[in-house]
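All you need for the working numbering is the position in the first sequence, starting with 1, plus 6.
None of these hints come from the bench; they were simulated from the model.
Where hints are given, some of them may not hold.
Below, computed lysine-lysine pairings styled on PhoX-like, alpha-carbon distance capped at 20 Å [as the list claims (entries may be wrong)]:
{"no.": "1", "residue 1": "K498", "residue 2": "K429"}
{"no.": "2", "residue 1": "K267", "residue 2": "K371"}
{"no.": "3", "residue 1": "K488", "residue 2": "K498"}
{"no.": "4", "residue 1": "K132", "residue 2": "K498"}
{"no.": "5", "residue 1": "K429", "residue 2": "K488"}
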Amino acid sequence: MRTTNYLLSTLREAPADAEIISHQLMLKAGMIRKSAAGIYSWLPLGLRVLRKVEAIVRAEMDAAGAQELLMPGVQPAELWAESGRWDHYGPELLRIRDRHERDFCLGPTHEEVITDLIRREIRSYKQLPANFYQIQTKFRDEIRPRFGIMRAREFLMKDAYSFHLDEASLRETYQQMHTTYTRIFERLGLEFRAVIADTGAIGGNASHEFHVLAESGEDAIAFSDASDYAANVELAEAAPPAGEPAAATEELRLIDTPEAKTIADLVEQHGLPIEKTVKTLIVKAADGGLLALLVRGDHELNAVKAARLAQVAEPFEFAGEAEIRAAIGAGPGSLGPVNLPIPCVVDHSVAAMSDFGAGANIEAKHYFGINWGRDAELPEVADLRNVVAGDPSPDGQGTLVIRRGIEVGHIFQLGTKYSSAMKATCLDENGTAQTLTMGCYGIGVSRVVAAAIEQNHDDRGIIWPAAIAPFELALLPINMHKSQRLRDAVEKLYAELRAAGIDVLLDDRRERPGVMFADMELIGIPHRIVFSEKGLDAGQLEYRARPDSENQNIPLEGAVDFIRAQLASV
RNA sequence: CGGGGUGUAGCUCAGCUUGGUAGAGCGCUGCCUUCGGGAGGCAGAGGUCACAGGUUCAAAUCCUGUUACCCCGACCA
């Protein structure tokens with residue numbers, strides 16, 4: 007491809023509303039343009055990347071025996087009514103009506119359509135198991151689309167649905183998809199982790215999310231430095247500390263703390279180590295009253311874990327200040343376990359504390375030197391906090407490291423949620439109808455593009471992993487318009503590279519070198535060759551890989567082989 | 001949905017307080033010079049100042065309404 011025949015719409019400055027680096031770079035590199043909030047066009051350069059991601063996903067899904075099909079983007083309301091989701095999906099489902107006043111929606115996912123299709127097509131256990139996938143545009147009317155393509159309303163997704171006669175077969179395909187996803191993200195050249203995920207309302211069955219690791223990720227994930235264990239921080243278990251709490255060495259004392267409203271104040275004004283403080287959080291209880299949850303001052307309450315306690319009201323909700331004062335007689339900032347008039351659950355790490363400080367349940371006073379047993383009965387103990395870096399791994403191997411991740415894939419075992427609602431059955435060996443068991447497996451194809459940039463960029467622009475770069479190599483002739491000899495040499499190599507099947511971009515614009523360098527670095531082409539008169543005199547070209555800062559002189563003769571070797575070495 | 005902010009040239013923004021008929025830098029077109037890290041000069045093109053109404057002799061500027069977009073929060077995955 008020649009730049010003079012290609013829409014290379016690079017921008018010097020990114021539009022002001024682009025917040026994260028991938029969004030800025032995708033706009034600056036001319037990959038995407040916005041049509042409306044969360045809705046984008048892909049320019050030729052961006053589409054090349056998207057297609058490369060798609061091709062890898064498709065190849066690996068095919069290799070795993072999945073069959074590609076394509077389902078409609080517009081779906082009839084009847085199917086959603088059948089599964090019950092027409093009423094339950096909420097405003098994220100964009101509903102539309104046709105000229106005959108019939109209801110439809112723009113598909114945010116395709117469980118209904120595939121289940122409808124398969125219940126008609128699959129009659130016998132002999133056709134199972136089967137796994138169908140598509141790569142298709144989805145629409146979710148997000149309340150707040152943001153971060154460009156990362157959290158768009160319209161996005162490209164690979165979604166797959168598998169069908170089985172029993173759980174064992176489902177588990178087998180699930181495991182196979184886990185392996186396939188691992189291969190896909192390895193081939194994409196991204197640093198990623200498969201993490202144990204929340205199974206949500208479906209419950210019970212296994213689920214994993216695949217996260218691309220990047221500082222800007224929306225999810226915190228915890229993984230072991232010594233094993234495969236990885237989980238969303240929301241789900242990672244905090245192991246109870248070993249051993250008994252240390253014996254009391256201090257007397258209980260009531261201290262005036264008029265200026266201490268927060269843990270930070272307490273630490274700063276009274277010289278208490280933060281690990282010797284306790285946070286008391288009040289939530290609504292299942293019985294209609296209030297419940298106190300205690301975590302150490304330096305820990306965070308984990309709402310997912312708290313919501314699982316039987317004593318906690320559903321949905322999980324913090325109590326208001328007025329309610330707290332009515333029940334306890336003191337406001338937030340002065341609460342603690344001593345003389346607490348409401349039920350209480352404490353985190354494991356709190357149960358292990360001694361000689362600690364907490365609110366006195368008296369306005370503007372704290373108790374210091376609190377010890378369980380002596381000053382307050384130890385209440386129920388549970389896992390209530392987010393894990394932190396350095397905690398022991400729940401599988402007993404190594405300690406936890408916390409990184410941020412971008413969710414790009416999700417696999418889970420659906421079971422019979424849709425097949426039973428929609429009566430999708432087939433006959434087993436005995437001729438009896440069995441409700442199909444299902445799994446589903448998604449990859450956010452367009453999000454992968456943004457995630458790859460979040461993980462791989464520098465201050466000059468994008469650094470594409472080789473497998474998904476829009477072009478593999480850039481040819482940059484300097485002052486080609488002034489030298490026919492240079493032009494001939496460039497054209498010759500360009501033709502040879504193309505004949506060798508290399509994805510090459512020839513910058514034949516009459517631009518100054520600085521402009522070419524800046525553009526090629528911005529759009530992230532992994533390899534570049536610079537042609538100059540001076541080099542030709544010496545029979546040499548300059549080669550540089552994208553992240554390097556040094557040029558390498560290579561002989562003009564055999565340049566194609568050299569490039570081939572460089573491409574292969576990545 | 002609640003709170004906040006912004007809409008002026010393709011992009012980044014000034015002008016608005018104090019009303020007087022539209023600006024800069026970058027980008028774009030042409031010519032000249034330059035030519036190894038986003039060059040310089042000259043000449044151009046390009047704007048219903050988001051939209052509608054109002055006040056006024058006069059509105060980008062003041063007032064009202066609408067709309068779009070952005071940020072924070074809640075929500076969702």
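(Q) Run through the hints listed earlier and report the numbers of any the structure violates, in increasing order. (A) Numbers 1, 4, 5 - these are the hints that the structure violates, sorted from lowest upward.
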